[in-house]
Amino acid sequence: MKLAVPYMGTAPIALEAIFRALGAEVLVPSKTTRETLEIGARLSPESMCVPFKLTLGNMVRSLDAGADVIIYPAGSWSCRFGYYGQLQAEILRDEGYRFRLLQLRQKRIGEVAREIIALNHGRLSSAILSSARALRNGWLKSTTVEEVESRFREALPNARDARACCRLFDTLIQEVRTTSSPAALTRIRSTARAQFGALPQNGRTRILRVKLVGESYCVIEPFINFDVIARMGEMGVLVDPFLTSHRWIGFHGFRLNKAEIIQMRRLSAPYWRYCVGGEDQNSVGHLLLAAQQGYDGVIHVHPFGCMPATVVQPTMTKAARDNNIAYLPLSLDEHSSETGVVTRLEAFVSLLEKRQRRHAV
Amino acid sequence: MARRIGVCRALHAYHHYAFWRTFFLELGWETVLSPTTNREAIEHGVRLSPSELCLPAKAFLGHVAILKDKVDAILLPRIVCSVLRKDYFFGCPKALALPDLTRAVFDSLPMVVEPVLDQRIQTDEQAWCAAVSGAVPQTDARRAFRCASAAAQATTQKTRQQGSPLHMFGRDANGRAAPESAVRVGVVGHSYLLYDSGLSLDILDKVRDAGGQPVVIFPSDAEVTRETQEDDALNWYYEIELLAAARRLLEHEAVDGMLLVASFACGTGAVTNEIIHRAAVHKHRVPTILLLLDEHTGEAGLVTRIESFVDVLRMRKK
Chain Z
82 MKLAVPYMGT
92 APIALEAIFR
102 ALGAEVLVPS
112 KTTRETLEIG
122 ARLSPESMCV
132 PFKLTLGNMV
142 RSLDAGADVI
152 IYPAGSWSCR
162 FGYYGQLQAE
172 ILRDEGYRFR
182 LLQLRQKRIG
192 EVAREIIALN
202 HGRLSSAILS
212 SARALRNGWL
222 KSTTVEEVES
232 RFREALPNAR
242 DARACCRLFD
252 TLIQEVRTTS
262 SPAALTRIRS
272 TARAQFGALP
282 QNGRTRILRV
292 KLVGESYCVI
302 EPFINFDVIA
312 RMGEMGVLVD
322 PFLTSHRWIG
332 FHGFRLNKAE
342 IIQMRRLSAP
352 YWRYCVGGED
362 QNSVGHLLLA
372 AQQGYDGVIH
382 VHPFGCMPAT
392 VVQPTMTKAA
402 RDNNIAYLPL
412 SLDEHSSETG
422 VVTRLEAFVS
432 LLEKRQRRHA
442 V
Chain V
612 MARRIGVCRA
622 LHAYHHYAFW
632 RTFFLELGWE
642 TVLSPTTNRE
652 AIEHGVRLSP
662 SELCLPAKAF
672 LGHVAILKDK
682 VDAILLPRIV
692 CSVLRKDYFF
702 GCPKALALPD
712 LTRAVFDSLP
722 MVVEPVLDQR
732 IQTDEQAWCA
742 AVSGAVPQTD
752 ARRAFRCASA
762 AAQATTQKTR
772 QQGSPLHMFG
782 RDANGRAAPE
792 SAVRVGVVGH
802 SYLLYDSGLS
812 LDILDKVRDA
822 GGQPVVIFPS
832 DAEVTRETQE
842 DDALNWYYEI
852 ELLAAARRLL
862 EHEAVDGMLL
872 VASFACGTGA
882 VTNEIIHRAA
892 VHKHRVPTIL
902 LLLDEHTGEA
912 GLVTRIESFV
922 DVLRMRKK
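Top line first, the protein sequences correspond to chains Z and V. Numbers 82 to 442, taken from the numbering used here, label the letters of the first sequence in order. Numbers 612 to 929, taken from the numbering used here, label the letters of the second sequence in order.
Because the hints were derived from the structure by calculation, they are not lab data. Check the hints yourself; a few may be wrong.
Okay, derived cross-link-like pairs now, DSSO-like style, lysine-lysine, Cα gap no bigger than 30 Å in a straight line [claimed, not checked]:
(1) 679/V - 399/Z
(2) 817/V - 929/V
(3) 894/V - 928/V
(4) 339/Z - 399/Z
(5) 894/V - 817/V
(6) 817/V - 928/V
(7) 929/V - 894/V
(8) 339/Z - 928/V
(9) 399/Z - 681/V
These stretches of chain V come out as covered by chain Z in the derived footprint (C-beta under 8 Å, 3 or more residues) [to be verified]:
(10) 639 to 648
(11) 697 to 707
(12) 843 to 850
Beta carbons are placed, not taken as given, at the ideal position from N, Cα and C, and that holds for glycine.
Chain V on its own, in the form it takes in the complex (with noise of 0.2 Å):
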């Protein structure tokens, strides 16, 4: 039976899309990707959740409400834990979290295809195949792990060549070319920030436009692995992401001034951040300045800020 599967452009799209559209697509299912993050979306979203949620997860609920009528199913990841040698990954608790919270803001829902990707308790394709354990066989769902799988990986390749996620999409790498004298701006910050214009405002053409050239990274397994071999290391796998990234940025991309993006009441990122500052900061001499997005951050704010930060790296360049 084929069924329109109803995806959030939102969160988690932005790293594991590729995967999500491969894995329905060989189910033979039609997968509805919602729009990028506009203006309908964020007020949908705001008025439905808690005024203290952070901004992406906001919008997340605004693409469900968009979607949720035009759709068969709806996906709604659990992504809770990773084991990387022998230790654990969490997610943030909002991505914990977030069927429930789904459920607890829409009074229907169409039919939820909820994979809890958990592997202390299961590895990823039987959390793939349980999601859809009703619908299809699992013989058929044990196929379309492996082909999502290895489009994944084929996936990850590209936005680490290209430097940036939105080829999942279909849409062009990047905007404008930065001229060659431009100071460097390392940035860091998820992708579903950096990535989304309905959220950040296309934060990194900001960046160009204000005579910055934007180094996004996206970390390698054997960066991320070591940062996770670190003592005491954070235990969330996407900030061991950004942990990484802002390690090469750091010591290897020799750039001007860090730029570090998060969204207002991210709690993992009050953490993160707060590291890298010390780092940057105390440890390689690099200007750094963090920018928090909230659904009331106004484009001439953000403007004037990147400008004169980009001023200030130009001027120490010389």
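The shape of chain Z in the complex, shown without the other chains (with noise of 0.2 Å):
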């Protein structure tokens, strides 16, 4: 069995060693392209949003490369997402492809147990012993991208040649991706802070900062969103995104940090006193954590038409406006295109620095 798994920013390194340590042979979809869109696109319902015409493309681009399994979670909430692998399946399967869908979900567990033991040859006590391979494999992984990953944050508005951080960036990562020992990670691990610390510095000397808050696919996923952490960082501002790809997998699959959202729910309650989905409490909670914290600005990805991020905007725009925290909504399909986002992105940044030189004198 050939595995596809879905696509969202680093999300796949950590899955991809998942499921190989379980056994299965797993096809990782080439990255995210024009094209891809395109295909998902033209094979999605007209008004869905932009992550189920993406991890659409993507299917169909990992089917034909020849996988015979996709893997997508899947569950009930007032979100279209839980909804979304089933639908997709519907779609392909009338454009003639051949394949299993193995839906993550509570009530299904059972189906992704037998499965797993199936992958060992029947073998119960060697399947329980790779499940523990795969998650040790998969969480070494995992934390070795968010440390990476959060050390590029943080060198790149230093940093006096960008491309260069970026090509270091994209050198670490495509380490993580291809080694599989774990001394190997632990090493990558301790030494990217010194890695980027050793980059030519341009000598800012305060650079402004910007929570990244949404819906998890367009915050996660640089292809939707245009890459808005490298971007911003090139113009000299750190972002901070407040669910990365380590975090998602952590938040969604595993349900840790339950702190967080119970903090998150504290947080929002003046202004939104209800969960409905999309990351929105957390984007109030974050948008107002973040102004605790002294952020410069606040920046809202979502995708078009996202029901509960668009529900939610009146409330980030009141709580912005509340705590006197500079705030940019941007919402993201099909259609959006570069430089119209990086007009505003730059507007956005200027508007910082005034703000910035204003609390100065």
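Make the complex out of the two chains shown on their own, each in a separate frame, by following the hints.
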């Protein structure tokens, strides 16, 4: 069986390691391109959100490359996401693709377990062993990616040559992806800070800090948010996403970090009393937290037509106004143009600089 | 103390108005219902809302704007979750967040009556009692809830019989009668769109004018339950109703065509209509058209599309 994992930011690196250790042959889709999006948009219902279209495009490419099992998280919640995998599967079958859909869903946990046992030739003990190994490998890779990404975000606004910084980042991520030895991963993790620190600096003294909040896929996938972290970094702004691939797997896969969820619920309570999905509560909470922590601004990214992210917008605007923090909402879909988004980012940066000068006086 | 409570004639009012009116009547409150969506409500709503919101939600905010200075309290229901056979069925995210949205949009609001209808944490009775807990004794609230539930049940029966929820607002159910030979057009869409003449521009009448006979289904409890038992069923309660309606139209009503009506940027509709479309076109070979409505929808464009669709159906029948 050839397994296709969904593509989102750097998440496939850890997922690949996990499924590989479980004994499956994994097919990681090639990096998302304009063409992937066009395939997805052509096959999708018009008013579905862009993560649906993009993941569908990625599935087509994986199937074209020979995958025969698609794995997809699903669940029941008010957001549309829980129903994605199944609708996508129907669309793909109409297109003539033949494959099996494996839903990661609480109700179907037994199915997943049986699948793992089958991969281990029906032996329960070896299934348990390989599951443990899978979790350890996945965790190691995921934490290493997280470390590299966070050092990269810090280094970029300070780097004299932004391109060299991005190159170093790509090299390290590639290393993490290809290596399978725990020792190599530990080495990358412990030297990442020094490697980025060794790059020539540009001498900026006060770095503007912006919090990136919004819908998970748009926050994590650089293709759809026009690589907002790197782009703002090149303009000398540190962008700190509230969610990263690593935290997504932890948050949504294993429900880690309950304390943070409770903190966000408490913070957002005056404005938002009920979580409806799409990271609404986290977005409001992190906006308020960013204001407390002295961030200069907040960028809120979401797919066009995302129900929770649309309905939360007036609340975000009001909370930002009440707490005197700059706020930029960006609605993204397959028609978003790079120039349009970049212009808005540039305008936002000059606004932040102006505010900073005013506060400094 | 007698109060005047404002109820918006939008969104879930087309499902639950009978319950709401009876509940407040039993408490001795006067219900002030906003007028049918008009230009003023839509313009208010569009100005106040984020541009990507769906038309019915925008109109809801317009209704609040019209009502809020004329009443002592306003009803902002939070319709979250129904539990049916141990499975959870949610309202759409916009319905879940409606009170928060309204509070963020308006600087001042009268007292808000906000029943949190989430059967995961409390029964509906508890929710309604809690919503009015500061203003009336709990025994009164419980009695009002029981009367309202009974009224709601009777109303649902009547809606199914008449094939329209408009009797709740004291209006005649059906407009003109269609000619006998008319082609039968199954219409699937939320009541708050189909029956709100300000939003859908009386779409059912337009079908009749074009020579079609619109068939709208209000599914029975058994049909809804059956839909929830499907493998990997949707988890939105009000969408399940639409699926049940579509199923009856396709399997038992022998319709000549299906007209799906949804508002632009309706997130749940994107999924539901795709499912119905697939069932109708691929499985039952019934021609299907999807009409999306927003505040820019022009009457002429709507009429043209409905007329040509009905013409196509008539030609196929011959």
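Okay, the hints, checked on the actual structure:
As the CA atoms of residue 679/V and residue 399/Z are separated by approximately 20 Å, the hinted pair is consistent with the 30 Å bound. The straight-line distance between the Cα atoms of residue 817/V and residue 929/V is roughly 22 Å, inside the 30 Å bound, and the hint therefore holds. Of the pairs offered as hints, the one joining residue 894/V and residue 928/V holds, with about 19 Å between alpha carbons and a cut-off of 30 Å not exceeded. Distance check on the hinted pair: residue 339/Z and residue 399/Z sit about 27 Å apart at the alpha-carbon level, within 30 Å; holds.
Between residue 894/V and residue 817/V, the direct Cα distance comes to roughly 28 Å. Compliance with the 30 Å bound is thereby established for this hinted pair. Between residue 817/V and residue 928/V, the direct Cα distance comes to roughly 20 Å. Compliance with the 30 Å bound is thereby established for this hinted pair. Of the supplied pair hints, the one linking residue 929/V and residue 894/V holds, its CA atoms being roughly 22 Å apart against a limit of 30 Å. Taking the CA atoms of residue 339/Z and residue 928/V, the gap is near 60 Å; set against the 30 Å cutoff, the hint is violated.
Of the supplied pair hints, the one linking residue 399/Z and residue 681/V holds, its CA atoms being roughly 25 Å apart against a limit of 30 Å. Look at the segment 639 to 648 of chain V against chain Z: 0 of its residues bring a Cβ nearer than 8 Å to a Cβ of that chain, fewer than three, so the hint is violated. As drawn, the segment 697 to 707 of chain V meets chain Z at 8 residues by the rule of a beta-carbon pair under 8 Å; at three or more, the given contact holds. With 4 residues having a Cβ less than 8 Å from any Cβ of chain Z, the segment 843 to 850 of chain V passes the three-residue criterion, so the hint holds.
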